[in-house]
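Asks: Build the full structure now, drawing on both the sequences and the hints.
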Amino acid sequence: MKFKAMTAVAALLVAAPMLGMADEEAELVVNGEIEMVTKTDAPAHLEGALPEIMSGWRFRSDETQQTQMDDFDNPGMIFVDQAQAVWDTAEGSEGKSCASCHNDVESMEGVRAVYPKWNEEAGEVRTLAMQINDCRETQMGAEPWKYDGSDMTAMEALISVQSRGMPVNVAIDGPAQSVWEQGKEMYYTRYGQLELSCANCHEDNYGNMIRADHLSQGQINGFPVYRLKNTKLNSSHARFKGCIRDTRAETFSPGSPEFVALELYVASRGNGLSVEAPSVRN
Amino acid sequence: MNFSRRETFGLGLGAVALTMLPVGASAATVDELIAEFTGGADMADTGVTLTAPEIAENGNTVPISVEAPGASAIMVLATGNPTPPVGTFNFGPLAGSRSASTRIRLATTQDVVAIAKLEDGTFARTSAEIKVTIGGCGG
Amino acid sequence: MAEGVTPRVKVPKKAEAGEVITIKTLISHPMESGQRKDGDGNVIPRSIINRFTAEFNGESVIDVKMEPAMSTNPYFEFDATVPEAGDFKFTWYDDDGSVYEEVKSITVG
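Residue numbers (this note's numbering), protein chains in the order written: chain W, 12 to 293; chain R, 2 to 140; chain S, 14 to 122.
Among the clues, some could well be false.
To give a feel for the contact side, a few chain R residues facing chain S, derived at Cβ under 10 Å [as the list claims (entries may be wrong)]: (1) 35; (2) 39; (3) 63; (4) 70; (5) 74; (6) 79; (7) 82; (8) 83; (9) 88; (10) 90.
Using C-beta positions, here's what the derived DEER-type ranges look like [as the list claims (entries may be wrong)]: (11) R:45 / W:121: 49 to 59 Å; (12) S:29 / R:112: 49 to 59 Å; (13) R:33 / S:73: 26 to 36 Å; (14) W:146 / S:56: 35 to 45 Å; (15) R:47 / S:33: 19 to 29 Å; (16) W:100 / S:23: 19 to 29 Å; (17) S:45 / W:96: 42 to 52 Å; (18) W:131 / S:56: 52 to 62 Å; (19) W:105 / S:121: 44 to 54 Å.
If you're looking for bench data, these hints aren't it; they were derived computationally from the structure.
Since the structure is predicted, the reported quantities are computational estimates derived from the model, not experimental observations.
Backbone N, C-alpha and C fix where the C-beta goes; we use that ideal spot for every residue, glycine too.
Replies: Structure below.
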C-alpha cells in the first residue's frame, strides 16, 4: 500500500486548532518570582520561517501550565533535589565531587543557556551531557553516566535551574557553524515511512493537532522535561529519538553526532526564550 | 496467514472465554465500594465538589481536587479503571479545610466519582466526566 | 525499600496562631499499579505507597488511603490549621513495609 507523503500528513492532521486547550495569552511566572519569556521575536537566522517563537509551555492545558508555576507543584524538582545531593557527593578514583571543583551549584549560573557549545580544547561541539561525562571521567575518575539515563537528566535539570529565566543564547557561528548547518539540514529532512521532517510538524503545523497531541514549535528551552506521560525527566535526545521513531524511521541514538548537531540547531531556534527546565509537558 | 485447525479451535475457545467474562465488572465493584463507604445510606447530590479537567492532558497524571465543607472523609473512585479505587481523604482535627488536591491515573474516558462522608453522618456524591485521549505522536 | 525515594514538602516557615496554611507534598515513587506487564508478559506486581499522613505536634491533619490509581510521584495539596509553633510530620507507608518521613518546623508570631 503506498501513501504519498502529503496524504499521510493530511490523514494525521486535523486542520483546525483545538480551542480551549491552552490559554495562549497566559504568562509564566515561577514561584511568583522568575518571569519567563515564553513568546518573543524569532531569531534572525530563521529568516522569517516562524513569525515569532513560543515555548512549549504555551501549548499545554491550563492545568499543566499551572504545574510548572510553583517548584512544589513541579515534580521535576524532586530530581533536582536528588541531583543536589549527588553534586555534593564524592565519586570515582579521584575522590572528588562536583562541588570539589565547582563549589556551590550556583556557580553554574548561565551555563545551560549557552549549551550546546564549541569546546576549544576538545575540538568539538559539546552538549551539557557530554561535558558532564567528560568531567566525571577526566576529573573525577568516575564512570560516565548513561547519556539519557535518570542520573544524567537529574543533573542536567539541577544545572538548568541555575539558568532559569535567562535567555537561551547558543552560538551558531565560528567553530560551531558547520555543526549548526548539519543540524539545520537534519531539521528540514524528511525521515521514515511517513516522510516527515521536524519542520513539517513544528514549523508548518504548530498549534494544530496531530492525532491527539497539540503540536508545539518543538522548542527545547524547557529540557530536561518532566513528561506526564512517563512521569520522569526526559532529555532532548530521548525526545528526538522518539519523534524520529514515530515517523517510522530507523532512529538515531542519544549522544550521536547527528543528535548533537540537531540539538544545537533546535536550541538556536529558541534563542531568546527563557531557560525553563525542568519544565512540565505532556 | 494460515491457521492450523488446532490453532483455529484454540482461537475460537479463547473468543468464547472472553465473551463469558462478566461485562461491566468494574461497574458492580463501584457500587459495592460505595455501599461499603456509605453503609447503603442515601447520598445528596450537593455538598461535595470535584474539580477536574474536561480533557486530561495525559491520562497518566490527571490533577483533581475535592472539597466538601463539614466532611470527615472524601472517597474518590475512577469508575472506568480496572481497579476503581483512587483514594480516601480522612480529615483530622487540624485539617485547615475539608479539601485536598492530588494527581491520578485514568485508563480511559470515564466518570470520576467523589463521595463525602459528612460529620453529621450524611453523605454527598458528585461525579465528573474526564476525557482521556490516547494516540498522539508522542515520541 | 523502593530506591531513591525522595520527599519534597512545602510548608511556610511561620504563621500566625490559628492561621490556615496550605501544604504541598511530593515524593518520588514509581507507584507500580499491578496493571503493567514486563517484556515476557508477566504481570509486574503492585508496589505502591498505600497511605500518607500529616500530623502536627502529634495531632492528625490528614490521613490519605492511597490506591493504585494515584499517579507516580504522588502529590498532595491540603490545608492545615496552625494553633502554635511546632513540627509537621509527614509519613508515607510503602506496600513493602518501608516508611518514609519528613519533618518541617513552623514558628508562630
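Asks: Decide, hint by hint, whether the structure agrees.
Replies: Results for each hint:
{"no.": "1", "hint": "35", "result": "violated (14 Å)"}
{"no.": "2", "hint": "39", "result": "violated (16 Å)"}
{"no.": "3", "hint": "63", "result": "holds (8 Å)"}
{"no.": "4", "hint": "70", "result": "violated (12 Å)"}
{"no.": "5", "hint": "74", "result": "holds (9 Å)"}
{"no.": "6", "hint": "79", "result": "holds (5 Å)"}
{"no.": "7", "hint": "82", "result": "holds (5 Å)"}
{"no.": "8", "hint": "83", "result": "holds (6 Å)"}
{"no.": "9", "hint": "88", "result": "holds (5 Å)"}
{"no.": "10", "hint": "90", "result": "holds (5 Å)"}
{"no.": "11", "hint": "R:45 / W:121: 49 to 59 Å", "result": "holds (58 Å)"}
{"no.": "12", "hint": "S:29 / R:112: 49 to 59 Å", "result": "violated (41 Å)"}
{"no.": "13", "hint": "R:33 / S:73: 26 to 36 Å", "result": "holds (28 Å)"}
{"no.": "14", "hint": "W:146 / S:56: 35 to 45 Å", "result": "holds (42 Å)"}
{"no.": "15", "hint": "R:47 / S:33: 19 to 29 Å", "result": "holds (24 Å)"}
{"no.": "16", "hint": "W:100 / S:23: 19 to 29 Å", "result": "holds (25 Å)"}
{"no.": "17", "hint": "S:45 / W:96: 42 to 52 Å", "result": "violated (24 Å)"}
{"no.": "18", "hint": "W:131 / S:56: 52 to 62 Å", "result": "holds (53 Å)"}
{"no.": "19", "hint": "W:105 / S:121: 44 to 54 Å", "result": "holds (48 Å)"}
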